[in-house]
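J.: Go by the hints and put chain S onto chain H.
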Amino acid sequence: MAISLSDSRVLIVDDNEFNRKSLALVIRRAGITQIAFAENGVEGLKAVDSFRPDLVLLDVDMPVMNGLEMCEALRRNATHEQLPVLFQTAFDSDQEQVRCFEAGGSDFISKPIKPGECVARVRHQLEKRKLFNDLAAYRARVERELSHARAMQHSLLPEKRRLQAVAERYGLTLDAHFETSSELGGDFWGVYPLDNRRVGFLIIDFAGHGITAAINTFRLHTLIDRFPMQDAAPSQWLMQLNGALKDVLPTGQFATAFFGILDLTTDTLTYAAAGSPNPVLGVGGDIRLLDSAGLVLGASRHARYTDQTHRLPRGGFLFLYSDALIECGGADGQRPLGQDAVPDFVRAALEDNRAHPLDPMMERFYARTRLPLRDDLTAVWIARRA
Amino acid sequence: MEFRSRVEQDTVDVQLSGRLEFTDHDRLRDIIDLLEGPGLRRIVLDLSVLDFIDSAGLGMLLILQEEAEQRNIKLVVRGPQGDVKRSIDLAKINEIVTIEP
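Protein sequences appear in the order of chains H and S. At position 372 of the first sequence (counting the first as 1) the number is 376 in this note's numbering, and the numbers step up by one without a gap. At position 63 of the second sequence (counting the first as 1) the number is 107 in this note's numbering, and the numbers step up by one without a gap.
All the given hints hold, so there is nothing to weed out.
Computed beta-carbon distance windows for the label pairs:
#1 D199/H x R48/S: 55 to 61 Å
#2 D229/H x L79/S: 38 to 44 Å
#3 D74/S x Q244/H: 33 to 39 Å
#4 E139/S x Q244/H: 14 to 20 Å
#5 R351/H x E52/S: 47 to 53 Å
#6 E139/S x T226/H: 22 to 28 Å
#7 A371/H x E52/S: 49 to 55 Å
#8 L139/H x N116/S: 42 to 48 Å
#9 T226/H x H69/S: 24 to 30 Å
#10 E52/S x A141/H: 51 to 57 Å
#11 R85/S x R230/H: 41 to 47 Å
Here are some chain H residues pointing at chain S (derived, C-beta under 10 Å):
#12 G190
#13 D209
#14 A211
#15 G212
#16 A259
#17 A277
#18 A303
#19 S304
#20 Q343
#21 R378
Read the hints as simulated data drawn from the structure, not as lab findings. All C-beta atoms in this analysis are idealised placements derived from N, C-alpha and C, irrespective of residue type, glycine included.
Looking at chain H on its own, in the form it has when it is part of the complex (with noise of 0.2 Å):
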C-alpha cells in the first residue's frame, strides 16, 4: 500500500549539520515537507512534544543526551510509546542493533545514509503508524457509538422508579437485575399494569447477543405497543407477537418469551410461554420450576401456545431469568448452574435474604462466574406481600 507521506512530520535528530541536511534531503526526496530538526537528545524531546512528528530519525551518540536515552524517555511517556522511532547508526554490529532495538527503537538505517534504503524504511514506519491511528480510531469511534446504543437499550427497560410505583400499586416486591456481555444485549423484560387488578409480565431473549440481537429488542419495544394486553389471553397476545415477529425476522433469528398475567382478584397467575427457561413459582414453602416449552417466536407462522394458570396468592413469588443465569460457566472450568438447580438456588437466596433475595442470587451467581459475560443476564424478582 503506497500512502502519501506528504502530511506527515519528521523529527531528525542529529548532532552533525551535514548529517542534518543530507537526511533531510533524501526524504524530502519521496515527498515528506514537514520536517523539524534537534541537536542532541534534550532538544529532540522538547521538539517531540512541541513539533508533535510521526516519526524521529535518531542519532545514537550525541552530546548532552545520546539517542539511546532520548528513546527510552521517549518510550516510558505513554503519549509516546506507538511513536516510530528510527536509529541511524555507523556501527553495523550486532550488539550495536540490539541495544537499539532495547532502548525502544522500531529500526535502524545504517550509515553512510542508503537514500533507498532510508526512504523504504521510513515509508514502512509511516505506513504502520497510520494504519494503527486509522484502526484506533475507529475502534473508539464504534466504542463511543456501541456505549450510547446500550444507554438507548438501558431506556427501553422499566425504570427504578417505575418499578416501585407498580410495587406500591399491586402490593409487590419488584426487583431486577439487567447486564448486557458485548455492550448490546438481546434481553428484553417489561411489566404493564392492566387494571386495577391485573398486572402483566413479559421476558423476551432474542437468540445471540450482539448487535444484531439489540436491533431486535427496539424492534421488538414498537411491535409490543401494536398488540394491547388488555383483553387477550396471553397465549393469544403471544401469537400476534409471533406472527409480527415472523414477518421481520430473517431466518434463524428468534426470541424466546415468558408472558403472565397476575390476577390479585382470584390470586392467580395465567402465563403462556415460547421456550423461555423455566420460571421459578413459590407458593407457601413449595418451589417449582413452571412449564415454559413453547415453540420459539418468529420461527414459525402456524405456532400455538397455550395458557396456564397457577395459583399465586400473598407471600408467593415469581422468579424470571434469562438463560445466561443457567449457561455461564466459570473460571477454572466450573460447571454453569444448570437448570435443575434453579430452585435450590432461589431456596438458598430466601435463607439469606427474605424479602429481596435477588441480591444474594445475583453475589452468588458473580462469584462462580466468568466475566465478562458471554451472554445477556436478565433476573426479575416479582413478590406479593404478604
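T.: Just chain S now, kept in the frame of chain H:
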C-alpha cells in the same frame, strides 16, 4: 463445534460434536455447502455426541432446515441427548424440524 460428514448414496450424515453456539456461525456455511452434493435427497444431523447448544445454535438448525427445504432435501436431526435434547424440547424445534430419537 466440530463436525464429520459421510456421504452414502443420496444421504449425507453429519455428526456434530462439542458446543454449537453463537461463535459457530462461520462453520454453518461449511455444513450448508454439503447440501450442494449431487443427487442429495437427505441430510441427517447426528447430535448424539453434541454437548451443548445455545439459542444461536438452535437458530442454525432452523437455517439449515430452510436451506435444505429450498433444495428439496429432507433434514433429519437425530439423537440429541441431555442438555441438548432439553433445549430442543423447550423451544419446540420439533414443530419445524424432524427430530428422531
